[in-house]
Amino acid sequence: MGYDFDWSSIARAAPYLMQGMGMTAFLVAVAMSIGVALGTLLAIARLFGPRWLAALSAGYVNLFRSIPLILTILWVYFLMPVVLRSVTGDPYLTVGPIYAAVSAFVLAESAYYCEIIRAGIGSVRSGQMAAGLSLGMTRWQALQSIVLPQAFRNMTPSLINQTIALLKDTSLVYVISLSDFLGAAGKIGQRDGRVVEMYIFVALVYLALCSAGVALVDRLQQRRMSRTA
Amino acid sequence: MQYSWDWLVFFKPSVTGEGLYGWMLLRGLAWTVSVSLVSWFLALGIGLVVGVLRTVPRRSMRMPAAVFVHCFRNTPLLVQLFLWYFVVPELLPVAWGDAIKQMNPTTNQFLTVLACLTLYTGAKAAEQVRSGIESVPASQRQAALALGLGTLDSYRSVILPQALRIVIPPLTSDFLNVFKNSAVALTIGLMELTGQTRQLSEFSAHPFEAFIASTLIYMAVTYCVIRTMRLIEHRSRVPGLLGAA
Chain A
1 MGYDFDWSSI ARAAPYLMQG MGMTAFLVAV AMSIGVALGT LLAIARLFGP
51 RWLAALSAGY VNLFRSIPLI LTILWVYFLM PVVLRSVTGD PYLTVGPIYA
101 AVSAFVLAES AYYCEIIRAG IGSVRSGQMA AGLSLGMTRW QALQSIVLPQ
151 AFRNMTPSLI NQTIALLKDT SLVYVISLSD FLGAAGKIGQ RDGRVVEMYI
201 FVALVYLALC SAGVALVDRL QQRRMSRTA
Chain B
1001 MQYSWDWLVF FKPSVTGEGL YGWMLLRGLA WTVSVSLVSW FLALGIGLVV
1051 GVLRTVPRRS MRMPAAVFVH CFRNTPLLVQ LFLWYFVVPE LLPVAWGDAI
1101 KQMNPTTNQF LTVLACLTLY TGAKAAEQVR SGIESVPASQ RQAALALGLG
1151 TLDSYRSVIL PQALRIVIPP LTSDFLNVFK NSAVALTIGL MELTGQTRQL
1201 SEFSAHPFEA FIASTLIYMA VTYCVIRTMR LIEHRSRVPG LLGAA
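Heads up: the sequence lines are chains A and B, in that order.
Position 107 of the first sequence, counting from 1, maps to 107 under our numbering, and the rest follow consecutively.
So the number in our numbering is just where the residue sits in the second sequence, counting from 1, plus 1000.
One or more hints might be untrue.
Said to hold, decoys possible - Over 12 Å on every C-beta distance to chain B, these chain A residues come out as not near it, computed from the model:
id, residue
1, I10
2, A11
3, P15
4, Y16
5, A37
6, T40
7, Q144
What the hints assert, rightly or not - Across the chosen pairs, the derived CB separations fall in these ranges:
id, chain 1, residue 1, chain 2, residue 2, range
8, B, P1064, A, R191, 35 to 45 Å
9, A, A208, B, W1005, 45 to 55 Å
10, A, W52, B, T1151, 47 to 57 Å
Claimed, not checked - One-sided excerpt, in silico: chain A residues whose CB lies under 7 Å from chain B:
id, residue
11, I67
12, L71
13, V195
The hints are simulated quantities; they were obtained by calculation from the structure and are not laboratory data.
Note that this is a predicted model, so its numbers are computed, not measured.
Where is the CB? At the ideal position from N, CA and C, for every residue including glycine.
Pulled out of the complex, with its shape left as it was, chain B reads as follows (with noise of 0.2 Å):
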């Protein structure tokens, strides 16, 4: 059994007719990056309001909350995507199931992952946001309160600007496991990063380069990731507070 290596196949024209090798794998590279980066930022949003809510006086407003995370945080995120690619449009008024199925496919599958990726890490990051909020000193909320600050303003200038310089080292996993989630996105058939690789190498007959290179692409991505946060830890730390750690 031999194989012949050849590094060069990414330079070679595509058997698809569109373009190189190589852009088959940068084109899965920008729907991994941008699916991940737009369901991040929505996430964070759903995470800091879930979040806030779970730690809120009022019963009624932390159980909506707490159900939310649970449900999101237990089921496998395959299922939660089948549940969001075949199922729902199925429930929803007719007219609506079938605009959604006559929309242009990759569109489709596009809001699809987001909105799966979104949900599932917004309450993951909910978690976090939870647990933050929790470790502040319980006297940081009842001096807010005695010096005459609402719930609302207690935790607007009191609480979480201490809690979010908190959850800034944890939130660095759940943001490297977006882009790796991102991948399940191949079996709806949205061609993200792992499923250009291996339509790459069923068509150019050169799976390990394919496989090697898109393993080094993640590994990239992972970087990038831990270093910007790192920075953004560092500049947002206040000096004196948190600052040993």
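So here's chain A without its partners, still in its complex pose (with noise of 0.2 Å):
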């Protein structure tokens, strides 16, 4: 054990560590609100949709469950300007690491609880759905006042997981170079020659979020246990 502990960057770093934290609060919530949007509406094409357009969300959903998130991270990154450019034709366009990220998360993070929210709108009995259109409703509003609001309360937890996950994938970010809490703690670590302390520090803050939302995950499946029984 020939090392010598010095914790002190860490205080010096503190603002700019919480700038880091606050891109990494704004990744996961703009990914978890229009990832949540747009996997329901995933979900609901690929249950209820024409056969075409349920193959078309089953196949984007395979398709980015089936690789890398840092492979999507680096699709969008390198490959989403080439794109924009082409169709735009503004050949000076550059899109840069935030809007890259964002995009990256929301169209992986979409496929992933699009997922979660089929399972949730298959656990509501099908009573439901038949029960609403012989009320008279027509398909969606059954879907929206009744099935759906069932699902999600069943699959809150889920979906606490998912967002839990999230929170951990976001560190993937330094792949291109982008300061989320890990990238800014990395940068003030190589700095001050202080990695180690830092790395330190960042995996437990880590513990302690992805905690958080654990024993949030946990109280809830208790109360629904204590309801239900």
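Two independent chains are provided; combine them into the complex using the hints.
Here's what the structure looks like:
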């Protein structure tokens, strides 16, 4: 154990680390809200849409679920500008790491959320939809006022779990040098020669955040157990 | 903005002088597959042991297993990789740390990624094994104890044969995740498939071909894994038991 710990650079770099945490929170918030919205649409398309739309949705979800998130991020970061340039005809258009990261997470997470939401809709008994239809509702009305509210209540724990996974996944923006929490800490650690302390600190912070999320899921599940019992 | 497609780029000699461009992708695939498969099998062992420990009656054995699983499941994989690569060699005795740093870089990266992926995946697999064991009705355990089997024997011949069959389908997604997670290796310089894709796209100036090819390769890997797991599930099925599911 020849290592001398010096934790002081963490306190000195606190404002910069907070900025990084802000970026992480921003990525999580945007990817979660747009991801859940798009995921719901994808799930509805897959369950109730016409055959071609269901197949399209299934293909989209399977594609993004079978490639690494890092590959998705690199796809968007390196290739989206090329596509956009040829679409808009502006040869100087750039996208930048923030938009690239947000788009990549939205694309991939909507596929992950779709699978959860599809299972959630499937967990609502089919009689509920039939009852709605027999009351004279359209399919869409029955879906949004009868099936979806029950489905979302059932899948809240899974959605929170996926959001915890998303929080962990945001650290992957390291590959495009975006300064999220991990990126910021890495840069400070390299500058001060205190990589060891920084990465230990980062690991503990992520552990604390995820543990809070896991505890929330446990509470929700216990509440549901006691309600049904 | 004109993009000139050239799918034959994979058969052109690479600017690095290491053969054809296509070989870069295949070398990357070889790293991805080897690191993923080895860590998957090691992770299954860890998952089995830790998953069982989480369900045994003795609290002093359950606690450490629970802490292990909690810590490794609740930190980002990339952070864990950096801990193994940048932090652990500094904290070991100096001679060991130096030995690690003086290793052949590729060997060092490979072993680091292997350790990291193994423990991360092992913690996930342990959760699946635990929930599989918990889904075996408690009466099975009681019946085994009533027959005079000890804890070890009741696990070996009553609980685990049922639990492990139950966990095969959920383990499929963990198996798929190992291949995807192995892409983090590029951050410490191990040139697996995603890393090679990026290099290929820069060297050859044909980024679309490179990225499309590796996307297709990953999809093919996914397909193979799903088929393999279905086959195992089918082979290990006990007729009449869990058969309908």
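### Query
Would the hint on L71 (chain A) stand, with a C-beta cut-off of 7 Å toward chain B?
5 Å, holds
### Message
For A11 (chain A), is the shortest CB-to-CB distance to chain B above 12 Å, so the non-interface label stands?
### Response
Check passes; 19 Å lies beyond 12 Å.
### Query
Minimum Cβ separation between A37 (chain A) and chain B greater than 12 Å?
24 Å, holds
#### Entry: Interface hint compliance - V195 (chain A) to chain B, C-beta minimum distance less than 7 Å
5 Å, holds
### Supplied contact hint for I67 (chain A), tested at 7 Å Cβ to chain B
5 Å, holds
### Task
Evaluate the given range 35 to 45 Å for the C-beta pair formed by P1064 (chain B) and R191 (chain A).
Since P1064 (chain B) and R191 (chain A) have Cβ atoms about 37 Å apart, the given range 35 to 45 Å holds.
#### Entry: Whether Y16 (chain A) stays farther than 12 Å from all C-beta atoms of chain B, as the label says
Correct as stated: the minimum Cβ-Cβ distance to chain B is 18 Å, above 12 Å.
### Status of the given 45 to 55 Å range, CB of W1005 (chain B) versus CB of A208 (chain A)
Roughly 49 Å apart at Cβ, these two residues keep to the hinted range, so it holds.
#### Entry: Assertion that I10 (chain A) lies farther than 12 Å from chain B (Cβ)
14 Å, holds
### Task
Confirm or reject the claim that W52 (chain A) and T1151 (chain B) have a C-beta distance inside 47 to 57 Å.
Holds, at about 56 Å.
#### Entry: Consistency of the no-contact label for P15 (chain A), given chain B and a CB cut of 12 Å
Its Cβ never comes within 12 Å of chain B, the nearest being 21 Å, so this holds.
#### Entry: T40 (chain A) non-interfacial with respect to chain B [C-beta, more than 12 Å]
21 Å, holds
The structure fails none of the hints (numbered hints given earlier).
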